[in-house]
Structure formats: C-alpha cells, structure tokens
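For what it's worth, our numbering labels the leading residue of the sequence shown as 23, then goes sequentially.
Treat the hints as calculated values from the structure; they're not laboratory data.
All C-beta atoms, glycine included, are put in the ideal place defined by N, C-alpha and C.
There's no promise every hint is true.
Listed below are the simulated BS3-like cross-link pairs for lysine-lysine, each with C-alpha atoms no more than 30 Å apart in a straight line [unchecked claim]:
1) K216 / K99
2) K65 / K51
3) K191 / K99
4) K216 / K191
5) K256 / K343
6) K51 / K256
7) K275 / K184
Now the in silico label distances, taken between C-beta atoms and shown as ranges [unchecked claim]:
8) G37 / D66: 20 to 28 Å
9) R193 / I380: 42 to 50 Å
10) S204 / S49: 14 to 22 Å
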Amino acid sequence: MEIVYLNRTSRVLSGHLWVFSNELATSPKRFEPGSLVELRDRKDNFLGIGYINPHSLIAVRILTRQREDINPDFFRKRIIDAVEYRRRFLNDTDSFRVIYSEGDYLPGLIVDKYGDCLAVQILTAGMQRWSEVIIEALDGIFSPSVIVIRNDSPARLLEGLKQERMVIKGRLDKLPIMREDSICFEVDPMSGQKTGFFLDQREKRIAFSQLVEGGKGLDLFCYTGAWSIHLSSKGAYVAGIDESDHAILHAQKNAGMNRLSDRCIFRRADVFRFLRDEVSSGNRYDFIVIDPPAFVKSRTRLKEAIKGYREINANAMRLLKMGGLLATSSCSYHIDRETFTGMLRSAARDAGRQVRLIEMRSQAKDHPVLLSVPETEYLKCAFLEVG
23 MEIVYLNRTS RVLSGHLWVF SNELATSPKR FEPGSLVELR DRKDNFLGIG YINPHSLIAV
83 RILTRQREDI NPDFFRKRII DAVEYRRRFL NDTDSFRVIY SEGDYLPGLI VDKYGDCLAV
143 QILTAGMQRW SEVIIEALDG IFSPSVIVIR NDSPARLLEG LKQERMVIKG RLDKLPIMRE
203 DSICFEVDPM SGQKTGFFLD QREKRIAFSQ LVEGGKGLDL FCYTGAWSIH LSSKGAYVAG
263 IDESDHAILH AQKNAGMNRL SDRCIFRRAD VFRFLRDEVS SGNRYDFIVI DPPAFVKSRT
323 RLKEAIKGYR EINANAMRLL KMGGLLATSS CSYHIDRETF TGMLRSAARD AGRQVRLIEM
383 RSQAKDHPVL LSVPETEYLK CAFLEVG
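Work out the full structure, taking the sequences as your base and the hints as a guide.
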C-alpha cells in the first residue's frame with residue numbers, strides 16, 4: 023500500500039474522516055481514483071488508512087485508524103456493527119437507514135432498508151471499488167427479496183463516476199411497503215427522492231402528531247404524504263401541498279392504503295405562491311408542517327436560501343391561529359442551528375407573532391452524527407407554538 027504524507031494533521035487528529043487536497047504534502051495526481059493509501063504525518067507517524075481520489079477536493083476519506091487489512095471481512099464487520107447500532111436504538115419499524123456514510127465509518131456509502139427491499143447508493147470512487155463486496159455482504163446479512171442500486175447522485179460526477187439506477191436482485195413489480203409506527207407507506211426506491219423516502223424525519227413525524235389534537239392543518243412540501251398521514255391518523259384534517267404530480271398521486275395512494283383519504287387531501291401547487299394566496303384569503307389553521315428540500319447546496323447561495331426559508335416560515339406563522347403549532351425543518355447542512363434559529367426569529371418578527379420553541383430536533387437515530395465530522399449533522403427541525 024502506498025503512503026501519503028500530510029503537511030497539516032489537525033483535522034485528522036481531531037477525528038475527522040476527510041483529508042483535503044491542500045493538506046497533503048504532495049499532489050495526489052499520480053494516484054488511481056479509489057485506491058487505498060496509508061496516511062502518515064511528516065514525522066512518519068501512522069494516522070490511518072483511507073482511499074484517495076485525485077479528482078476530488080476531498081482527496082482522502084479515512085476508513086480506519088488501525089493497522090488492519092481492508093478486505094471483505096472489514097466491510098462485513100462494519101455493516102454488522104451498523105446493524106447492531108440500529109437494533110439498540112430503533113423500534114417499531116421494519117425500515118431504516120442501515121448505513122449512513124461517515125456516521126457509520128463507511129464514507130461514501132448509503133444503504134436504506136424498506137421492508138424486504140434494500141436501496142444502495144455509492145457516492146465515491148473508493149466505495150465503488152468495493153461495491154461487489156458490499157452487495158454480497160448486505161445480501162448475506164439481510165437476504166432481501168430486492169436490491170436496488172440508486173447511483174444517481176450528482177456527487178458521483180465529481181468523483182468521475184457515471185450515474186445509474188438498476189435492480190440487481192429480484193423484481194419491482196410491486197413496490198415495497200414499509201411500516202412506521204402504526205402507518206404503512208408504499209416506497210418507490212427507483213424514482214423517489216433520496217432513495218425513495220425521508221427516513222430521517224421518522225421520529226419528528228411521530229412526535230409532532232402526538233402534539234396535535236384534531237383540528238385543520240397544512241403539510242407543505244408534502245412529497246408522498248408522510249407527515250399528513252401521521253397527523254390525520256390522530257383525527258386531524260390535513261391538506262398536503264407539493265409541486266410534483268408524481269408525489270401527489272403517491273400521497274393519495276398512501277392515504278387510501280391507510281383508510282385516511284377522508285382526512286387527507288393533496289394538491290399540486292407552488293408552496294410559496296400557495297402561502298401568499300392563503301394569507302391574502304384570511305384562512306387560519308391549527309397546525310402547519312414545513313419540510314422543504316435543501317434550498318442551499320453551497321455557502322455561495324446561503325443568503326438567498328435564508329430569504330426563502332424566512333418567507334415561507336413568516337407566512338406560515340401568519341396563517342396559524344393563536345396557540346397554533348408549527349413543525350419546520352431545514353435539511354441544508356450550510357444552515358446550522360444558530361442560523362436556523364435566527365431565521366425563525368426574523369420570520370416571527372416579519373409575521374408580527376410571538377413564537378415559543380417547544381423543542382429542537384435533529385435527524386433520526388439511524389442517521390448518527392459523528393461529533394468529529396460536523397458535516398454528518400444536517401437536519402434541523404423546530405416545534406413551535408405561535409401566539
């Protein structure tokens with residue numbers, strides 16, 4: 023195994039799993055993308071083993087800080103460790119994120135389980151080299167009926183990899199059905215967002231639905247209706263809004279599957295325009311959910327993104343009755359908790375409302391945050407009472 027020396031080691035010594043190209047003592051250009059390298063400091067001290075890609079700003083992603091062989095047994099043990107973590111902290115679900123990249127010490131690998139279906143997403147050249155080993159290990163551990171490859175992330179292009187989607191085991195004649203608390207959802211792992219479903223909001227959906235006692239509300243950016251259906255199962259009437267026809271049709275199907283079509287309606291509309299129209303009409307609601315896609319992919323668009331978050335949250339606050347509840351989220355890593363809270367404070371001022379924070383939450387437990395890698399924490403979700 024070739025050796026790569028680091029000029030700067032503070033990030034690695036603090037526990038981070040990334041090494042940027044400008045932290046290396048020499049150019050990584052001569053290395054083959056995805057090849058394994060041993061990391062050492064300038065005093066020749068061993069720092070870890072990772073894989074390198076000269077085409078990426080993140081030149082090396084660390085797999086281990088031990089002197090050990092990177093082989094099929096290594097990956098199988100890491101996957102088993104990740105599964106054991108889920109068994110400790112998850113319950114009442116047959117669907118969860120099995121592998122969360124750096125959060126499970128397998129940078130570049132995402133695996134989601136939907137009932138008897140596995141959806142696998144490989145983001146980096148280093149993980150791509152081990153794809154057959156990873157698939158074999160997953161198949162042996164779970165014996166799923168279906169395995170789907172969702173290698174359609176734009177991140178693969180930055181790694182010099184092609185985008186692709188395919189079923190490599192079984193058939194998708196019938197879409198998988200997953201269970202969340204007492205609710206069932208049909209998931210489309212081939213064409214849905216992410217790998218088909220937003221597993222990271224599971225705990226928030228259940229918790230917020232326990233705060234709502236009937237009433238009428240909105241689910242904005244509703245996608246396939248997960249928040250709406252949880253809320254309507256508690257006796258509420260919910261209108262879900264999304265601009266995707268495919269999502270609306272899927273949400274209607276999920277509501278029908280749970281016998282909640284009489285309490286859920288879904289409508290295709292631009293959320294920003296819909297909110298402005300609702301404010302003008304004078305309508306009022308008991309609760310509102312805002313679960314938008316990431317408005318910002320880089321720091322260069324941060325100001326624009328905050329403006330968008332502020333507008334939709336201010337209008338949602340205007341629409342709530344006294345004592346109404348708001349569950350609002352951001353899945354943009356570049357908007358940290360402090361920025362998110364500041365945006366909500368500004369939105370409350372814009373709306374002329376007094377707002378109390380009931381609680382602030384993060385992503386579900388199957389998306390573990392590695393404290394030494396702050397990039398693993400991306401989701402912020404606030405439960406608010408609007409006065």
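Hints violated by the structure (numbers, ascending): Numbers 6, 7 and 10 - these are the hints that the structure violates, sorted from lowest upward.
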